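Chains as they are written, first to last, in this note's numbering: chain A, 1 to 380; chain B, 1 to 380.
Treat the hints as calculated values from the structure; they're not laboratory data. The structure presented is a predicted model; accordingly, all values stated were derived computationally and were not measured. One thing to keep in mind: the hints can contain errors.
The list cannot tell twin chains apart, which means a pair is met if one copy fits it or any two copies do.
[As the list claims (entries may be wrong)] Think about it this way: if two alpha-carbon atoms lie no more than 30 Å apart in a straight line, the pair counts; the simulated DSSO-like pairs of lysine-lysine are:
hint, residue 1, residue 2
1, Lys36, Lys170
2, Lys170, Lys341
3, Lys13, Lys272
4, Lys158, Lys115
5, Lys132, Lys316
6, Lys132, Lys158
7, Lys158, Lys119
Number of protein chains: 2
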Amino acid sequence: MPDAFEVNPWEVKGIVDYDRLVREFGTEKIEDFLYKKLFSYGKAPASLRRKFWYSHRDLNMTLQDYDAGKGFYLYTGRAPSGPMHIGHIMPFTLAKWFQDTFDVNLYIEIPDDEKFLAKQGLTLEQIDEWVKNDILDIIAVGFNPDKTFIFQDREFIKQMYTPACRIAKKINFNLAKAVFGFGGSTNVGHMFYPALQIVPCLFEKKRCLIPAAIDQDNYWRIARDVAEGLGYHKPAQIHSKFIVPLTGMAGKMSSSEPHHAILLSDDANAVKEKVIKHAFSGGRTTLAEHRKLGGNPDVDVPYQWLATFLEEDDAKVKKIYADYKSGKLLTGELKQMLIDKLNEFLDQHQKARAKAHKLVDRFKYTGKLAKKMWEFEDIE
Amino acid sequence: MPDAFEVNPWEVKGIVDYDRLVREFGTEKIEDFLYKKLFSYGKAPASLRRKFWYSHRDLNMTLQDYDAGKGFYLYTGRAPSGPMHIGHIMPFTLAKWFQDTFDVNLYIEIPDDEKFLAKQGLTLEQIDEWVKNDILDIIAVGFNPDKTFIFQDREFIKQMYTPACRIAKKINFNLAKAVFGFGGSTNVGHMFYPALQIVPCLFEKKRCLIPAAIDQDNYWRIARDVAEGLGYHKPAQIHSKFIVPLTGMAGKMSSSEPHHAILLSDDANAVKEKVIKHAFSGGRTTLAEHRKLGGNPDVDVPYQWLATFLEEDDAKVKKIYADYKSGKLLTGELKQMLIDKLNEFLDQHQKARAKAHKLVDRFKYTGKLAKKMWEFEDIE
């Protein structure tokens, strides 16, 4: 069923053919030489080594800029849509690696306008509640507070609106329709929003590298055209796949179906219950059958999650794969491995998050980069 | 030729059939009882007495609100498009009368984004130059600095963006297309702009009265639908006709054709030269013929301008009409009357304008109303 999936900034449905997305979006797969080059700067997180981050645009040029002393900067974001789950944190984890490794600025946009404009029935009041929580989760990742600026569109709009006008002037309805599928019932706020998501691509004259899931690519295709016309670098991207939901390999994890997702706020018991009850297993129906025929790690969500981002040890991942396939490792045991890794990750995250409120002001207003950005008026 | 004219926020072409606009836009002509009621509050300016202000929505309800002690407020604006001419000042003149007569707040929007978004080739830098000058011309009208707030969209956007999102969510492309003629080549910034022009209709819980030329009515039609849905009064309007260009009765005066317009910055000689050279006359080709057959004041621009807004004395206007029609008053004499009135008006305006720079901060930031508005965050 080559057509039975859909990927756009508002929806991911079906089993995603990631190679096809690369062809359709006109991005490039990250080739081995480029992975090697990335790894040469420092030990990369599992999600990068396991090719969960699999596609890019101008990532090589970004590294060339770095090597040549020109530097680059990072930009990513988080559209508030409910409690954050472990899938939502992935771009931030990678951004942290890039920031730590290359010592660069990072801009984090919180579009507290987008989902309100895109979704019927959603209120700004609800979004503002989510934003407060999201910012704590993001800070918990451990960014450099003097080189990271977290900003909300509605709060930072004075600084963004003039460049957004310059950008918006270059995006007409036909283009927005072709790229985003906007139509007659799309409201004029939702139509303007892409300009605001593009503004941070022009925050510095250096090349901008954006770690984000590939469903955001529509924005960057337009951003690349617009940026050059305004005298800036085309922003570079590194694209991830999606973390599959607990319940199986189709679509992406979603907070709106909380028992199919592991929330960053889940406690150890919630994790245990969700994984045991809902994690789709590649195991056989009986123990005897499993021992005899082996399981299928390729569709097994616990294996996929461990392999994609939770188990740092490459050798261990290989062993799990082999043992599960051979029937040596049982479904219950594999699920327990996932539960342990998740709870280890969440325990650490939640501890960091508990202290995050003390840092909110630095990331938003008083840190070195934040302070500078509140003086920002327009692109050059 | 009933179809040979066009009126929209960006263009006025042909000889305007104002009654037809009332029918098409669904507004109401100001009836005699309503004029009388208006005049009962205080001596109205010529432009109101001569029915240059001719159409409205809910003007009667606005006055009822005032009579009932509920009050109302005023909102108008000026989109920078070059040096202001005497046509541009008309809504401000009427706004001043309303403010003086009813002692109400007045909000003046300077959309320093709109024309940039709507016109190819126009730069923000050019607009920002015009804005500085426009604000001085507006202040010269003599508003109450503690009850008048002048704001530029790009500077005041932080306060406007959240309500604009609420408004924009209620305006989809189909509606914007139907009302403004937006299409595939309209850019997404231009599409969002109407939301920003509507925001000030929701600045207070009182009824908002907007004095503006009738070409702006598209915005208010949407504003009225949206405002009620958000728990506010439908904004009321009082609509003017257009000041015809010096050169004849078709279209409206435009700064882009400077010798067809009297600029607020024109000196006495420039006025004289423009009127003598370019003012379209209803006179006969020879003096003898004029004396014998009389002129046609109905197409004579000097008469029209005097009658529309420049000559306060009703009896004098009647006499000019009769004398010109009979041939007693000659074209040169009528032109001289216009020149004198224009120069009297401009002299007074320019003197006030020369002192206006001292008041800019009060109207924009430090006056009582301005100060309050910088604290504004959202509609209720």
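Here is what the structure says about each hint:
no.	hint	in the structure
1	Lys36 - Lys170	neither (38 Å within a copy, 50 Å between copies)
2	Lys170 - Lys341	neither (47 Å within a copy, 46 Å between copies)
3	Lys13 - Lys272	within (26 Å within a copy, 72 Å between copies)
4	Lys158 - Lys115	both (20 Å within a copy, 19 Å between copies)
5	Lys132 - Lys316	neither (37 Å within a copy, 68 Å between copies)
6	Lys132 - Lys158	both (21 Å within a copy, 19 Å between copies)
7	Lys158 - Lys119	both (24 Å within a copy, 22 Å between copies)
Of the numbered hints stated above, those contradicted by the structure are hints 1, 2, 5, listed in ascending order.
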